[in-house]
Amino acid sequence: MQSNAALEYDYSVAKLFTFTTILFGILGMVIGTLIAAQLAFPELNYLIGEYGTFSRLRPLHTNIVIFGFTLSGIWATFYYVGQRVLKVSMAESKFLMAIGKIHFYLYFVGALLAVITLLLGFSASKEYAEFEWPIDVVIVLVWVLWGISIFGIIGIRREKALYVSMWYFVATFLGVAMLYLFNNMEVPTYFVSGGIGNIMHSVSMYSGTNDAMVQWWYGHNAVAFVFTVPIIAMIYYFLPKESGQAVYSYKLSLLSFWGLMFVYLWAGGHHLVWSTVPDWVQTMGTVFSVVLILPSWGSAINMLLTMKGEWNQLTDNPLIKLMVLSSTFYMLSTIEGPIQAIKSVNAIAHFTDWIPGHVHDGVLGWVALMIMAALFHMAPRMYKREIYSRKLIETQFWLQTTGIVLYFTSLWIAGITQGMMWRAVDEYGNLMYSFIDTVDVLHPYYVIRTVAGVLYLAGVFIFAYNMIKTMTSSRTLTEEPMFRSPMA
Amino acid sequence: MFHWLEKNPFFFAVGVFIVIAFAGLITVVPDFAQSARPVAGLKPYTVLELAGKEVYKKDHCIACHSQLVRPFKSETDRYGQVSLSGEYAYDRPFLWGSKRTGPDLHRIGNYRTTDWHENHMWNPKSVVPTSIMPAYRHHFTNIADIDTAYAEAVTVKALFATPYDAPNGTKLGSHEEAKAAALEEAKVIAGNMKNKDVKDAVANGQVPEIVALIAYMNRLK
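These protein sequences, in sequence, are chains A and B.
Residue 115 in my numbering is what sits at position 82 of the first sequence, and the numbering runs on without skipping anything.
Residue 69 in my numbering is what sits at position 68 of the second sequence, and the numbering runs on without skipping anything.
Bound conformation, chain B alone (with noise of 0.2 Å):
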């Protein structure tokens, strides 16, 4: 049969697909519903949590943390609760990373402050002195994209039934008021916030990226 097969490229072509094929709908296919699921009680993130994220993706932060406490004691004592598949139902992409670099950031929403990780972020090593992680300062600068965090959100709403607007959910709305909503919060945030600059920004209606990203920050517990 391998000898027919290897004048016969079509049949061989088709043989291959076949072998290498099945691995992934056996293992991929059975637990998709069940993984899909949210657990009770999760929100969708809103606008300026999620662009937040996009800041959190367009530096990789993954490069250097997870987002993955794993079921051992050590993981527990050091970063809190073990992760549960349900906590991730919202993240598209999901970020656990691969390379612990720095600490894992699933639960740092529980143990670090806005102006702790504003001192961080604009200068790693004036809080953790032999830190080896960039400082960021650029987020200070940088505006942060709350049109396309927006448009995210309307995207996953419309197709995958993301829950906003849903009672004692996250709100959504029109363009307009989910820009207002992010700058609202956005206003609370550089509230707690000392760099001149980022506050003059949000009190002019423009969110830096350090504040989404803070944010975002915040809200993983």
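Bound conformation, chain A alone (with noise of 0.2 Å):
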């Protein structure tokens, strides 16, 4: 990984990418902020008529942080990690630039196109799988010209041997693809049925419980492939980057690979844990999910043990902070998970905001805290500047890092106490409280989850403005730093 002082990557492709990943971040996360309020008070509801309502903006918050944050971000890094690990730069080949930029742009118009129709209610009700078939297509489509770039930098490239994290971006592009177009598989209605009713209207190959199989077998793994498997990738490549530290093992890193892919997959079960699929099917989604701990935490031990002898670097360098909070909580949220696949606790949990609350911590804490380090990284060597301000990345982490604790401990408690009042009953065995008392008594917790999310919502903002600063008006470097991201 050392660099490469003849080769002059090229990062237009990846500075489009971190446009939108900065644009999408700060949409999703606005969004998501205002649906926490709205729990909270319900007036806010009607800000903007039919289309403010909560259930309407909620998949526009998950679908925007998901296909457009985080999309973006692993696009951003690809398009920037990708070459340099393969040592070859992207403008050496028209074509490979050529492809690069239709795939942002197409990926671009198709995420404007996801985020109208979904406000205007256009939406197959399947959780992260909720754009109609046309957007679907576009999707695919984009896909398949993200495997042509990455299978068309490898085909080109000058080192053989394929880094650790290009295992995993390759890994991301077979998982999302397989599990995107099974998940979807639905029939446009207005064919079969001779041109009647809406064109955008389809309906699901699979039914109930069937559904259910191929839904969480997608959802869960989803976010296997996109919020895990290329954030390893990430970590793998910047962690030691940033550092100057080499990866503690690489047979953890083969271990963990391997053993993530194979595991994963199994434990979409969990999410159908006391629901009508067969039993062994749930048996299976909860022993896979506690197995899954040992891929994961191997990658993250890995990572770790990466900064051995090396922690002074935590004080010293606000980026190296933040990713290793980050693998920290890919642990907590690595540990959380299985624990409520156990079929008692997620008797208790399931249908909870404990699960919200999971989902967070693994996205505030982990996801997003490596994507907003990944693109602080890249900054310096993509603009030629240096970072613009220190100061703002210490505060940015602070209030993110209470954001997300405030987040995950509100919503534990909010979870296990609704859970606790929806089964408990008296000395005669009668339900002991209506359905409201269980909302009423989550309200104070839904005003500290909704005091996170401004919180970390602040620090979005502050890194936006840090980002954009760094490309506009900081001080330009002469020389391409080495490891450790000049910063002012």
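What the hints contain is simulated information worked out from the structure, not anything from laboratory work.
Among the clues, some could well be false.
Straight-line Cα separation of at most 27 Å, DSS-like style, residue types lysine-lysine; simulated pairs [stated by the list, open to error]:
| # | chain 1 | residue 1 | chain 2 | residue 2 |
| --- | --- | --- | --- | --- |
| 1 | A | Lys48 | A | Lys120 |
| 2 | A | Lys120 | B | Lys8 |
| 3 | B | Lys8 | A | Lys376 |
| 4 | A | Lys376 | B | Lys100 |
Bring the two chains, given one by one in their own frames, into a single complex with the hints.
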């Protein structure tokens, strides 16, 4: 991984995706904070008429964070890391440059269409697979373009062995392709009925319990292949690069990678515990969820041990701090998930706020912190300017850390409280609480969670400001930094 | 072997694909046919109910409501009979949801009535003073899309052999027949409602979203 002075890498596509990462990050999290506030203060549902209710905005929030912010972050880093670990510049191939650019613009158009159609209420109503079929078609095209990019650049590489990050990027590509295709198998009704009704409408190829199985095989693993696998790709590149330390153990990388690939896909059943899917599928989901701790912690420990003997960097360099905190949250959320998958815990946790609590310590703590750290590392190399302000990164760090902790603690308490109240019975065996009692009790937690959201969001705005200042008006650099990113 | 794979991206990709693909095959495929079977006596949704389900999907009620009564006494006491796999056989997509900010709705048709829904959807706080559910007043003015619901019924009948037009089952018929039947059904529901705009619309041959939605919810039993 030594830097290759003779090669000028071309970051034009990475820069485009950096821009959308920031844009969708802000958009997704503004909506997220708004809908969090709506649960505490329902009057906020009526800001923009029928388009502003919690339920219309919630899919917008999830999809923008998943397919807007995170995918953009994945591609920004891919178009940066790919060239560097394969030792070839995109500028060497006109074809790949063109594909990269088409990839970006088609994605951007698709994303805008997706936002508009969801707002208008076109939805398949399957979580994280809400887009109607025309958007799905665009997504498939975008995905194929990314595939051409990956394998194209691999095809002209100078470095023969693929670095760990590339394993994870390739796996992301394959995993999402498979999951997305199978879960979104749907038939446009307009064509089958001979031109009746709305052309956007489609109906799922699977029904009932089968649809649930396929959906949560997808839903769980979309989390795997968007929120885990490519983020590991990032940390395997950026942590060693920023710290100047070699990855602690190659064997552990291997074990964690193949272990993760093998185990993850079985765990989807834990979303369906106590449902009508066959019992053995539920048990498999639980068992594999627990086994999943091994490869997950394997990667995280590999990263933490990479910093062995260099812990002083944690105080010196805020980017290291972000990345180390990020892998710590990864450990937290990968132990929490299996706990929730255990049948007796699931009976209480399922359907409660503990679940969004879990998702958010993963996404706010692990995914978003890592993506932001990666972009900070890339900025001085892409724009040839030092990072605008170290102080702002520190401020962002503390705002967001406080935000995340408030977020998940309040939702843990809310979830467990509600789960217990739903099942509480008096001495005669009658239910003790009406449903609305179990809603009223959550109000303070919803308020705290909103505050948490505001803190985190403030951090995102600071991040965006810092990035834009770095791009436009920071001190220019004459030489590419080797390891530690320079900052004012 | 792993070193070799790292230098041979094609085989690496094939390897990864095999490792990730077979979990899905093994968990989804074996029970597929069994899980697709309806419980005895289950009838396909009427066109009006389908249009109502579309409203439920469009406004993402699943963001806050489940449709899955789990096998615990606390749930059967609260909501009614445990949900069975075969009850969902005509649900495309399934609408179990993943979050109960509001109560489960799988048996809502057993204990809430048309006029209760009317009040509740117009202003939840009028029925449950501390409710945090949004009011859905636009359902009272937006017109439900009966044509698309009909197209969906035709599609599932043609492709997935959903038994429309079977003896004692749900009748579908031609496009015109289906529209007329949906309107008849809507008139019955509107008859139990008090909102004047809704009544006028139905009298004029149009079906507001709220009427379709209530038809759908009344069917959930």
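Right, here's what the structure says about each hint:
no.	hint	in the structure
1	A:Lys48 - A:Lys120	holds, 19 Å
2	A:Lys120 - B:Lys8	holds, 14 Å
3	B:Lys8 - A:Lys376	violated, 43 Å
4	A:Lys376 - B:Lys100	holds, 17 Å
Hint compliance for this structure: hint 3 is the single one not met.
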